[in-house]
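For the protein sequence lines, the chains are L and V, in the order given. Numbering (the working numbering) for the first sequence: 1 to 103. Numbering (the working numbering) for the second sequence: 1 to 381.
Heads up, some of the hints might be wrong.
Computed, partial: chain L to chain V, Cβ under 7 Å [what the hints assert, rightly or not]: (1) Thr11; (2) Pro19; (3) Ala20; (4) Thr47; (5) Val48; (6) Ala51; (7) Leu67; (8) Ala95.
Sample of chain V residues facing chain L (criterion: CB under 10 Å; computed from the structure) [what the hints assert, rightly or not]: (9) His24; (10) Pro113; (11) Ser141; (12) His152; (13) Gly155; (14) Asp246.
Keep in mind the hints are simulated off the structure, nothing from the lab. Quick caveat, the model's predicted, so the values are computed rather than measured. Here a beta-carbon is modelled for each residue, glycine too, at the ideal position from N, C-alpha and C.
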Amino acid sequence: MNEGVELRRCTRCGAELFPAPLLCPRCGGARWRTVRAPRGIVEETTTVHQAVGVGQGRPRHLATVRLPGGGRLIAALDEALAPGTRVRLRELNGAVTARLDGS
Amino acid sequence: MTATIIGCAEAPYTRHPRAGATTHTFLRDAFARALRDARVAPSDVDGLAVSSFSLAPDHAIDLAWRLGLSLNWLSQDTNGGASGVNMLGQAVSAIEGGDASVVVVLAGDALGPEGVARLQAGYNRATRDHLAPLAHGGPNSLFAMLTQRQMHARGLERSDYGHVAIAQRAWAAGNPGAVYRAPLSMEEYLSAPLVADPLRLYDCVPPVAGADALVLAHPDRSPRGRAPVRVRALRRSFNHDNQAGDGLETGLAHLSADLWARAGARPEDVDLACIYDDYPAMVLAQAADLGLVPGGDLPAFARRELGERRFPVNTSGGMLSAGQAGAAGGLHGVVEGVRQLQHRAGERQVKGARLAAVSGYGMVLYRYGAAAAAAILERAE
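This is chain L alone, in the form it adopts within the complex:
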């Protein structure tokens, strides 16, 4: 489990992107620096109660998280959090989880 989420920062225009693109959608650049985004802000959350073909698992909390660079990603939460909550991000093999900042 790594602290923060790995983003691609375009070396030409500075755009920060997740998931990793092949070319920068803003300037067409193809060179990146890897940066980590440790925190974000919850924009919306939902709790998944049921899903087709996977049975009735335990409810899953998900959030749309806004990054300081303006990008948004989808993260799993351990608990339901209100919009506007600051969260700490972690990533394991592409799976992003978010926890209340300071917890």
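Fit chain V to the supplied structure of chain L, relying on the hints for placement.
Frame of chain L, contents of chain V only:
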């Protein structure tokens, strides 16, 4: 050569396919029914376009072989909910460009619950790598959050989405091919089991097995006594915003002005609309993007135009009531639009329908759909 739609059909949608029924047999049944409907022989068909999530390991040419078709034009579409309208445009171009003279457009899937779950978990690399490991449960969770954004941005309430689902269910009562036809009350809608808040059961399309088909050819081939349907205009949009927005505006917003100009019509001229309805929020978003919402007031549109059925939208019941047969969902609304314009829609017929707007939307890349297409269809007398 002028291309028109001269026939259409569905392989009946079902939640419980009989033993031995597969994606391929549903596609075959829709194909055979459409040919019968258009009074065209298999040997007349020289073009085929197909969209399906479960054709693999086969490709379009395997399907052509197994249907016994020798073709001059063949296309396989991978644009999900936008594939139906997209293929319709390709078929028109193929005929008008002289590549083919009789084209069948085909879409269908028989995924079953496990197949739906597999498709949703492995939809693309971004989903497989970044969403499925969260056990996100498919697109419901993403559209749950999109619906929250739309409620906040447009002043919509849960009951406004209820009007979409309830009105479509009322239309479905007139469609023997819809899997859910019993009336739906607002109380039932609002108290249905939660799927992913705020989405409840009737906000989510029921997966079914089924297939849809169109036959396109010169209007002279249209069966006697039946008006062919002309595509007055058709436009598409792919990856309009690199997933950098909020998903409340679809690619249709970028093609709408050009679509209406090309059609030589205004939104208020259409008699009905078939709007891709994976979720009620997306019906409202696409209607707004196409300019079908007076004053852009979504709550009023939901309550009056849809809720009071002043403006016919998704008269088949849409996927929300008829069911979503995988990729056939992208063709479902086109087939309904054609039936309405040919005045063959039975109890749900919109009187004197001559002009219809149809849309497709889909391919959730990461947070919302990135493919959209729309067409203005006209009854050709």
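#### Entry: Given hint His24/V near chain L, where the shortest CB pair must fall under 10 Å
Given a least distance of 21 Å, the restraint on His24/V is violated.
### Query
Against chain V, with CB atoms and a cut of 7 Å, does the hint on Leu67/L hold up?
violated (12 Å)
### Query
Holds or violated: is there a CB of chain V closer than 7 Å to the CB of Thr47/L?
holds (6 Å)
### Given hint Ser141/V near chain L, where the shortest CB pair must fall under 10 Å
holds (5 Å)
### Message
Is the interface hint satisfied for Ala95/L? The criterion is a beta-carbon contact with chain V at less than 7 Å.
### Response
holds (4 Å)
### Query
Is the interface hint for Ala51/L satisfied, with its Cβ closer than 7 Å to some Cβ of chain V?
With a closest approach of 3 Å, the Ala51/L hint holds.
### Query
Taking the least C-beta to C-beta distance, is Val48/L closer than 7 Å to chain V?
holds (4 Å)
### Message
For the restraint on Gly155/V, tell me whether the closest CB of chain L is nearer than 10 Å.
### Response
Since the shortest Cβ distance to chain L is 16 Å, the answer is violated.
### Message
Using the nearest Cβ pair, does His152/V come within less than 10 Å of chain L?
### Response
Since the shortest Cβ distance to chain L is 9 Å, the answer is holds.
### Message
Using the nearest Cβ pair, does Ala20/L come within less than 7 Å of chain V?
### Response
violated (9 Å)
### Query
Holds or violated: Pro19/L as interface residue toward chain V, Cβ cutoff 7 Å?
For Pro19/L, the interface hint holds, since the closest Cβ of chain V sits about 5 Å away, which is under 7 Å.
### Query
Does the nearest C-beta of chain L fall within a distance shorter than 10 Å of the C-beta of Asp246/V?
holds (8 Å)
Violated hints for the displayed structure, listed by number in ascending order: 1, 3, 7, 9 and 13.
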